[in-house]
Amino acid sequence: MEQSRIRNFSIIAHIDHGKSTLADRMLEVTGAVDPRDMRDQMLDSMELEREKGITIKAQAVRMDYAAADGGHYELNLIDTPGHVDFTYEVSRALAACEGAVLVVDATQGIQAQTLANVYLAMNLNLRLIPVVNKVDLPSAEPERVAKQLTDIIGFDLDEVIFASAKSGIGVKDVLQAVVERIPHPTGERNAPLRAMIFDAKYDTFKGVVAYVRVVDGRVDMSRRLRLIQHGSRFEPVEIGYFHPALTTTGFLEAGEVGYIATGLKGVQQTRVGDTITVDADGATEPLAGYRPAKAMVFAGIYPTDPDQYGDFREALEKLSLNDAALQWEPETSTALGFGFRCGFLGLLHMEIVQERLEREFGLDLIATAPSVEYQVTKTNGTEIEIDSPAELPPTTEIEEVREPWVKVSVTVPARYIGSVMGLVAERRGEFDHTEYLDHAEDEGESRVLTTYHLPLSEILTEFYDQLKSRTAGYAAMDYQLEAYRAARVSKLEILVNGEPVDALSSIVPTENAAHQGRKLVSALKDLIPRQMFDVPLQAVIGGRIVARETVKAMRKNVLAKCYGGDITRKRKLLEKQKAGKKRMKMLGSVEVPQEAFMAVLKMHE
52 MEQSRIRNFS IIAHIDHGKS TLADRMLEVT GAVDPRDMRD QMLDSMELER EKGITIKAQA
112 VRMDYAAADG GHYELNLIDT PGHVDFTYEV SRALAACEGA VLVVDATQGI QAQTLANVYL
172 AMNLNLRLIP VVNKVDLPSA EPERVAKQLT DIIGFDLDEV IFASAKSGIG VKDVLQAVVE
232 RIPHPTGERN APLRAMIFDA KYDTFKGVVA YVRVVDGRVD MSRRLRLIQH GSRFEPVEIG
292 YFHPALTTTG FLEAGEVGYI ATGLKGVQQT RVGDTITVDA DGATEPLAGY RPAKAMVFAG
352 IYPTDPDQYG DFREALEKLS LNDAALQWEP ETSTALGFGF RCGFLGLLHM EIVQERLERE
412 FGLDLIATAP SVEYQVTKTN GTEIEIDSPA ELPPTTEIEE VREPWVKVSV TVPARYIGSV
472 MGLVAERRGE FDHTEYLDHA EDEGESRVLT TYHLPLSEIL TEFYDQLKSR TAGYAAMDYQ
532 LEAYRAARVS KLEILVNGEP VDALSSIVPT ENAAHQGRKL VSALKDLIPR QMFDVPLQAV
592 IGGRIVARET VKAMRKNVLA KCYGGDITRK RKLLEKQKAG KKRMKMLGSV EVPQEAFMAV
652 LKMHE
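With positions in the sequence shown counted from 1, the corresponding number in my numbering is that position plus 51.
The set of hints was computed from the structure by calculation and includes no laboratory data. Quick reminder that beta carbons are idealized off the backbone N, C-alpha and C, glycines included. Watch out, some of these pointers could steer you wrong.
Taking lysine to aspartate or glutamate pairs in the EDC-like style, the calculated list, with each CA pair at most 16 Å apart, reads [what the hints assert, rightly or not]:
#, residue 1, residue 2
1, 429, 450
2, 217, 79
3, 223, 79
4, 629, 585
5, 369, 380
6, 345, 380
7, 198, 489
Just the calculated beta-carbon pair ranges, DEER-fashion [said to hold, decoys possible]:
#, residue 1, residue 2, range
8, 525, 220, 19 to 29 Å
9, 52, 194, 35 to 45 Å
10, 243, 532, 36 to 46 Å
All chains, please: the whole structure from these sequences, using the hints.
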């Protein structure tokens, strides 16, 4: 199709503002999906997405639309996630588009993640179409939300489209606006092929399937292809587009979005952000690509069965192809054996990755408590970065430790500002500024955007849950890495039956270390199963024991069969039991359940 009749766009919004539902209605209006096959969250193909009701992966689909001018247009939609942990997915999707539909809930108005996505789109010079969604709800205030869009982001009031994705109101207006307002692609169709890989997945039969936006030239089945940055060469197995299932065409032209099945079996050969060109007389300069995602949260993940280690490595390779933000490297733990140290964008990302590994690859895994990355200056002047408590040098070798701080934006009704400030103060945070998004008749109902600075480690554990509970569920949060600041931290070690369990160790603020040690051993006491002998639990900081609890032994009733008779017989049985318990204590090993490793997460509760 002519480039003048192609439109590439994304839908961006805060969580639960109606992105996936609007995409469903668009598929219905354009007839992209047979009504018999239609279901809610059509583009959320992953079982996990449908269960949790959130979009995790950006999904693409091609729609044929008959516009008001009588012309037929090819609309390539990329539906994006809304959660802050998946901002990287959003940025990659936007880089493949010329415009975006910005969806805002008519009952909630502009939220923290709304603004974060708007800034992402503006940095890429995309044309935005503002849509106020859910206008048919009884509590909807579309005029107030439209005024927010004009006052805060700078839209004209006549640009705003009022819609209800659930009932279908205004969906045709949105599609017409996509055709009229979003510019068409401007690639050179006669230039050498350059196709940007914006996502990929592994298929057992087709090898690596690369999701591409063709920027220049044309790709078809007749020519051998090459990855410019990696250098791999391959014959395409299949070329087509998303409808939303993979639909074979055999070619793609400049401006179009589709897929190329490479046949490559080595997942390391294909990377998101690489450029595909033809092998002979192809382009020499790659496209700009994407800035690699920086992991913010780190945790050890281990298979419960050591024999699954090889399968686990293979699963991580395949998953990291589909999830470019996942980082991993081998790690060994004395308590858990061989596993991998994995880097994630946030706690939800970590939870999703673990669930996908268990479901899609049939693994049984244990995850350790998450940590952040610290920068350490040693007394000899060397600088190191650590993301695991085991890597923290002894106190005598440390000159300075720096921890990551984040800038946190919270949108909330004005009456809850005090509660939010109290929570931030408890987490070593600092207030920055407050900005009113609108002015309601009742001052307490006015929505405000408050900005804070906090250590990243403090928002990892229970912060979001606490924020929601203290604001009756009204608060919305977004955060971004800001800088590293000097910190006073200590390594908190846990000894179980006198043996250090490295997987239970954590790096904590020095002033709270003893208190957190007491809380942790108290929690572990209820989680570690009782043995036939007493199990001491100790919290150690710098070689000093700061807390101790004991998991009491189970007592087998050895006197059950003794009815009356001489007391010496009973004493003999009890002494025999006592001697056996001593021997067990010397030889016994204690099994630590998964819940114990996650108890470190609950220390803030």
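Legend entry - In rising order, the numbers of the hints this structure does not comply with: No numbers; nothing is violated.
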